[in-house]
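So you can see what is in the structure, the chains are spelled out below.
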Amino acid sequence: MNKIKMFFSSLLKKDATKTVITSLWCALIGLILGFIILLFINAKEAAYGMTSVLGNYLIFSNPQDRLNYFGQTLAKTAPLIAMSLSILVSYKAGLFNLGASGQYSIAVIVISFLGIGLNWPWWIVMILAMISASAFAMISGALKAYFNVNEVISGIMLNWIALYLTNGILSNSTNVWDSAHSETYTISNSSNAYIPSIGLDKVFAGNSIVGLGMVLILIVVAVIFILFKKTTIGYELKATGLNGDAADYAGINKIKNIFIATGISGALAGLAAVLSLQNGFTAWRLGSTPPDIGFQGISSAFLGGLHPIGVIFSSYFIVHITEGGSMITDLGFSPEVASIMTSVIIYLSGFVVFVKEVMHKHEIKNELNKLTREKEEEV
Amino acid sequence: MIVVLSTFSFLLAYISILTISAFGGMFSEKSGTLALSLEGSMTFGAFAAGVAMHLLPATLPDALSALIVILIALISAGLFSLLLALACVTFKANQTLVGTALNILSTAIAVVLIKHITRTETLPVGNSRLNFTRFYEIFNVDMFGIQGVKFNWLILIVLVLVPIVYLLIYKTQYGLRLSACGENPSSADSLGINVNRTRYTGIVLSGLFAGLGGLLLITMNAEWEFANGANGFGYLALAVLIFGQWKPLYIFLGAFIFSIFKTLSVVYPSIDILANLGISSYFYLALPYVVCLVVLIFTSKKNAGPKTLGEPYDKGKIS
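Protein chains in written order, with my numbering: chain C, 5 to 383; chain D, 63 to 381.
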């Protein structure tokens with residue numbers, strides 16, 4: 005009995021556990037606030053609305069439907085994981101990649117031209133899309149490295165430039181643009197550019213958007229995990245992020261690291277575009293603001309405690325409630341309720357460091373109290 | 063003639079929106095807190111004002127309604143910015159993260175509630191667009207009495223505020239304290255200035271200014287699509303702030319330069335020489351951002367920003 009207690013108390017002291025606990029609290033408060041908004045809009049249906057948001061595919065009674073929509077939720081999680089990793093890599097290196105939306109857009113141009121227009125094999129399209137997004141991200145890197153331009157501002161400016169570039173180029177290309185719907189054509193599952201389903205569609209009731217992409221993203225998570233845990237490059241990136249000047253003194257090339265970090269980060273944002281377009285599920289719509297996914301990536305990266313494995317769960321959670329949110333329109337709620345919940349959650353996750361500090365102080369105090377009590381007993 | 067005058071009217075409006083919002087950002091950043099949520103505060107002020115314009119009865123006198131709408135825009139954006147202050151000053155949160163969260167939050171709240179307000183019997187979920195033609199007429203008067211050229215009189219408020227802000231920053235005790243809290247909070251603290259309280263006031267002021275900017279932005283039109291937030295003006299204002307090196311008069315100048323390009327993207331079809339070039343409209347839309355980026359390249363080398371921008375004030379830390 006004592007052993008179990010000891011195990012739990014040592015578990016509680018671990019940093020990772022604290023992150024998980026505080027993240028769960030953030031999520032809970034976000035959900036409660038969302039529920040209050042639903043109550044305010046339509047008190048009668050609020051409970052059912054909340055069940056739909058939280059249940060997502062679980063509200064279907066038919067098991068085939070459930071599997072199908074579960075597959076869809078999983079397939080939509082993959083790009084968000086890629087996006088979160090993009091934010092995570094740059095953040096660890098001391099940079100904030102607010103330009104991920106722009107990098108995503110640039111990858112969309114490449115995917116549309118090579119995938120939809122020219123019907124090239126999916127993996128060539130994927131690689132080229134990632135390379136171009138990476139190159140676009142390095143513009144921010146170069147501006148930071150050589151001209152001291154704040155990467156947050158340049159990222160935001162590049163988001164808008166990329167948005168108009170993508171809208172301008174795609175809407176004027178007749179072979180990729182479906183002008184009736186103001187969006188690009190989707191990639192059909194007979195196309196070469198479609199990411200193969202490798203039999204996973206059979207597991208998910210014939211839903212072919214689940215496929216090799218799921219395997220790819222897990223591999224990428226593992227690679228990023230190993231990058232920071234085991235490699236020199238990862239160590240140098242982290243060192244630059246923790247204390248740029250100290251890293252500089254230690255002989256770590258700061259400029260090289262800025263390029264590496266923005267390059268990897270951009271490639272991952274490009275991968276997010278690959279995983280959301282090359283399974284035929286989404287198309288590029290003519291929008292007037294940069295795509296949301298770049299900002300959602302920030303949410304899930306922080307909710308996941310900036311840990312490669314953590315972001316798998318946080319991305320799934322965010323997609324789960326966003327998908328659930330899209331099901332409540334018949335009840336008179338707008339799907340953006342899910343957006344309110346996620347943004348409240350990110351807002352609160354800003355408090356995590358502070359809360360962890362408080363928890364830590366509390367622990368030290370307890371420890372000290374215990375020691376003094378033991379001393380007194382001895383006397 | 064009308065083309066020239068309406069170009070001029072757009073230019074004035076854009077200068078005012080960017081100036082007032084960038085001033086807002088300046089109050090926040092001078093005291094040491096990143097103003098990334100400028101876009102969110104503008105959206106929130108615009109949203110609250112939009113809802114007020116939608117709900118206020120037409121029987122109310124025009125002047126009173128206008129006053130109520132202006133106050134609502136200011137107060138709501140000011141309250142919204144308290145969320146930034148709470149997280150970044152009191153709880154020492156990451157300022158970029160919180161700023162991003164608030165930008166998403168304000169658009170999401172605006173869309174959800176406006177969809178709720180605009181719904182009808184046949185349309186269970188409304189749309190995120192609000193129409194306020196009556197207030198468009200109230201806020202906009204014919205420029206020089208010429209029909210077809212509109213002038214938004216909120217611009218006058220902004221123009222009056224420019225010298226006031228200049229004096230506030232450089233000639234008053236409050237302005238100097240604000241800068242001190244951003245440049246060297248420990249020294250400010252040692253002289254008896256309450257750093258966190260000063261930062262709170264800076265952030266709330268930034269909200270008030272952004273709220274006015276948001277109101278001016280949406281009342282340039284008779285309706286507004288809230289799903290687009292403040293259409294990126296908050297981010298442009300942030301760039302204007304950096305370009306203006308956190309100085310009121312330079313900010314005004316920066317706003318002028320960006321507004322030229324922003325205006326160009328609106329009026330180019332009616333200028334024959336530009337329309338005949340056959341360049342895509344997206345080129346003109348992207349132009350202000352490209353110019354902004356180029357300008358940043360030349361102005362960022364010398365880091366003129368407040369020294370402790372982005373860092374929460376920690377009493378125990380030796381700087």
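The hints are simulated quantities; they were obtained by calculation from the structure and are not laboratory data. Be aware that a few hints might be false.
[As the list claims (entries may be wrong)] Listed next, the in silico EDC-like pairs over lysine to aspartate or glutamate satisfying Cα-Cα at most 20 Å (straight line):
(1) D:K363 x D:D251
(2) C:K365 x D:E245
(3) C:K260 x C:D249
(4) C:K360 x D:E373
(5) C:K360 x D:E245
(6) D:K363 x C:E371
(7) D:K369 x C:D249
(8) D:K364 x C:D249
(9) D:K154 x C:D19
(10) D:K309 x D:E245
From a predicted model like this one, the values you see are computed outputs, not experimental measurements.
Taking the hints in turn, this is what the structure says about them:
no., hint, in the structure
1, D:K363 x D:D251, "violated (30 Å)"
2, C:K365 x D:E245, "violated (30 Å)"
3, C:K260 x C:D249, "holds (14 Å)"
4, C:K360 x D:E373, "holds (18 Å)"
5, C:K360 x D:E245, "violated (28 Å)"
6, D:K363 x C:E371, "violated (49 Å)"
7, D:K369 x C:D249, "holds (16 Å)"
8, D:K364 x C:D249, "holds (18 Å)"
9, D:K154 x C:D19, "holds (19 Å)"
10, D:K309 x D:E245, "holds (14 Å)"
The structure fails to meet hints 1, 2, 5, 6 from the earlier list, while all remaining hints are met.
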